[in-house]
Amino acid sequence: MPKLSVWLVRASLVYFGIGITLGAVLLAGRGLANGPWIAGLRPLHAELLLYGWTLQLIMGVAYWILPRFRTGPERGHPTLPWAAFGLLNLGVLLAALGTAPGSGPSGMLLGRGLETLGALAFVAHALPRIKAFGTR
Amino acid sequence: MPQLTRWYLRAAMLHLGGALVLGLLLQLPQIRATLPFIAVMFPALLHLLVVGWITQVIFGVAYWLFPRYSAEQPRGSERLGWITFVSLNAGLLLRLIGEPAHQLGRDTAGLLVASALLQLVAGWAFILNTWPRLRER
Chain A
1 MPKLSVWLVR ASLVYFGIGI TLGAVLLAGR GLANGPWIAG LRPLHAELLL
51 YGWTLQLIMG VAYWILPRFR TGPERGHPTL PWAAFGLLNL GVLLAALGTA
101 PGSGPSGMLL GRGLETLGAL AFVAHALPRI KAFGTR
Chain B
1001 MPQLTRWYLR AAMLHLGGAL VLGLLLQLPQ IRATLPFIAV MFPALLHLLV
1051 VGWITQVIFG VAYWLFPRYS AEQPRGSERL GWITFVSLNA GLLLRLIGEP
1101 AHQLGRDTAG LLVASALLQL VAGWAFILNT WPRLRER
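So the protein lines, in turn, are chains A and B. Under our numbering, the first sequence has 45 at position 45, and the numbering climbs by one with no breaks. So the mapping is simple: our numbering equals the position in the second sequence, first residue as 1, plus 1000.
Fair warning: there could be bad hints in the mix.
Under 7 Å between C-beta atoms, here's a sample of chain A residues computed to sit facing chain B [stated by the list, open to error]:
no., residue
1, M1
2, V9
3, R42
4, L87
5, L90
These stretches of chain B come out as covered by chain A in the derived footprint (C-beta under 8 Å, 3 or more residues) [to be verified]:
no., stretch
6, 1016 to 1025
7, 1032 to 1038
8, 1053 to 1067
9, 1108 to 1119
Hint data in this document are derived by calculation from the structure and do not stem from the laboratory. All figures in this text were calculated on a predicted structure; none of them were measured in a lab. Even glycine gets a Cβ: it sits at the ideal position worked out from N, Cα and C.
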């Protein structure tokens, strides 16, 4: 597994661990307390699990297993996928902070923007690798 | 494909089937009117899809295909793998009973807490078993 995939998948596992812990608090809290602060965790729970876990895990595995090039760097130039890793994680952190009660819309907007740029950087990297094995 | 992965994928498909049927039932006004237990199952539908289907497929395929831990234990701890599988499915099934009943005013705190703890154990057991397999080669 290449270094970038290790970083992407490990980061996704960190978000997964935090996200499921929040999910357990949400579910158990419905039975025990059901206060408004518990329901307020739901956007953070969804943010971490959808963008931090699922999207990032898919990027990590795709970088690892998509067909490689026969000439030049086997997985293409690494700048774009590393930029995707940085942008996505910065975006998830900002968007996560943006889910806090009382935070304005700018943190969430900036976070979403960085997540989108990260995803686009990854798509730009991955598109040429969607090809038959052994070609190019 | 290891035996545990086959169990993950079969269970995932059962959850997918259940979720699709539930999604269909939730669209039928007669069902929602006559079966209140079904009418409040939208959160359960979401978690059947996201946990029972997507997460479980990820767990099964990762257990199968991620880099080997060692020659003796290529997939890490098989025990942790089974703990993940059993806890995840038991936790999700408890949620399917406890959450709608709670919505209808029944006291299901024990079920919900047990479901939360089981799913938490499943997730962290997966992380513990998967993390050491993520190595650069």
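Hints, one by one, checked against the model:
The interface hint given for A/M1 is met, as the beta carbon of that residue sits about 5 Å from the closest beta carbon of chain B, less than 7 Å. For A/V9, the shortest C-beta to C-beta distance to chain B is roughly 5 Å, which falls under 7 Å, so the interface hint holds. With 7 Å as the threshold, the beta carbon of A/R42 stays out of range of chain B, its nearest partner Cβ sitting at about 10 Å, so the hint is violated. A least Cβ separation of about 21 Å between A/L87 and chain B goes past the 7 Å threshold, and the interface hint is therefore violated.
Annotation: interface hint on A/L90 violated; nearest CB of chain B at approximately 22 Å, more than 7 Å. Coverage of the stretch 1016 to 1025 of chain B by chain A is violated. Counting CB-CB distances below 8 Å, 0 residues qualify, and the rule asks for three or more. Against chain A, the stretch 1032 to 1038 of chain B contributes 0 residues with a C-beta closer than 8 Å to a partner C-beta. That does not satisfy the three-residue criterion, and the hint is violated. Under the rule that three or more residues need a Cβ within less than 8 Å of chain A, the assignment of the stretch 1053 to 1067 of chain B holds, with 4 such residues.
Here the stretch 1108 to 1119 of chain B counts 10 residues with a CB under 8 Å from a CB of chain A, which clears the bar of 3, and the coverage holds.
Violated hints for the displayed structure, listed by number in ascending order: 3, 4, 5, 6, 7.
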